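Q: As you go down the protein sequences, you meet chains E and X in turn.
At position 58 of the first sequence (counting the first as 1) the number is 58 in our numbering, and the numbers step up by one without a gap.
At position 79 of the second sequence (counting the first as 1) the number is 1079 in our numbering, and the numbers step up by one without a gap.
Read the hints as simulated data drawn from the structure, not as lab findings.
Please note that a few of the clues may not be correct.
Interface residues of chain E toward chain X, partial, derived using beta-carbon atoms under 7 Å [unchecked claim]: (1) Gly-16; (2) Gly-42; (3) Leu-90; (4) Phe-95; (5) Gly-109.
Keep in mind that this is a model prediction, so the values were computed, not measured.
Even glycine gets a Cβ: it sits at the ideal position worked out from N, Cα and C.
Chain residues, written in single-letter form:
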Amino acid sequence: ETGVTQSPTHLIKTRGQQVTLRCSSQSGHNTVSWYQQALGQGPQFIFQYYREEENGRGNFPPRFSGLQFPNYSSELNVNALELDDSALYLCASSFGGTGARTEAFFGQGTRLTVV
Amino acid sequence: AQSVTQPDIHITVSEGASLELRCNYSYGATPYLFWYVQSPGQGLQLLLKYFSGDTLVQGIKGFEAEFKRSQSSFNLRKPSVHWSDAAEYFCAVPSGAAGNKLTFGGGTRVLVKP
């Protein structure tokens, strides 16, 4: 059983640029959620993808967008980067798009620094 | 909306001593509750979860948590802390219309003294 993997682990971008982060979900899982964790804070929900459709979104602007592919891997895209976008971005995979009983497994995260 | 609060930002404990981390939830009905641990530079690992039934829940790494409806709490405990328990701990509750997102508390950072 493979776990949740994210790439890259670290990257540095310049304000105004665009970035794509990638996540491979755990084997057998069909749902991917993305979270932003600023330094010293708890993770904040960005959005979730279930069977290639967006299935809920947190309080993030439209420049945060995503995709889920037929193999259930996912991308998080952020346009027009701002300094406040600097954070650890976490991907979580689970089985089933709804329901509180679904246990989410997290990747190790991508540390994004915007300069 | 469902939410959780972790009143303690930092806790320092001696190795071998007991540990208790507080989590208070805000939700009318019986919530589902989770505790996650995050080691430095790592993602989140699920320690334990409460859905219903027995209010004392056993988790991994020797942790347990007790759900107390009267106090709206779900505190995490460990009888004897090891140096490897130094990490950040997050309490979380499912929220959103479909319960499909996790709302996390602000976290408690645990430092372990030798």
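Q: All hints are to be evaluated individually against the structure, with a verdict given for each.
A: Against the structure, the hints:
1. With a least beta-carbon distance of about 28 Å to chain X, the hint placing Gly-16 (chain E) at the interface is violated under the 7 Å criterion.
2. The beta carbon of Gly-42 (chain E) is positioned within 7 Å of a beta carbon in chain X (closest approach about 3 Å), and the interface hint is therefore held.
3. Hint on Leu-90 (chain E) holds. Least Cβ distance to chain X is approximately 6 Å, under the 7 Å limit.
4. Residue-level restraint check for Phe-95 (chain E) is violated (minimum Cβ-Cβ distance to chain X is 12 Å; threshold 7 Å).
5. Taking 7 Å as the C-beta contact cut-off toward chain X, the hint placing Gly-109 (chain E) at the interface holds, the least distance being around 5 Å.
Of the numbered hints listed earlier, those contradicted by the structure are 1, 4.
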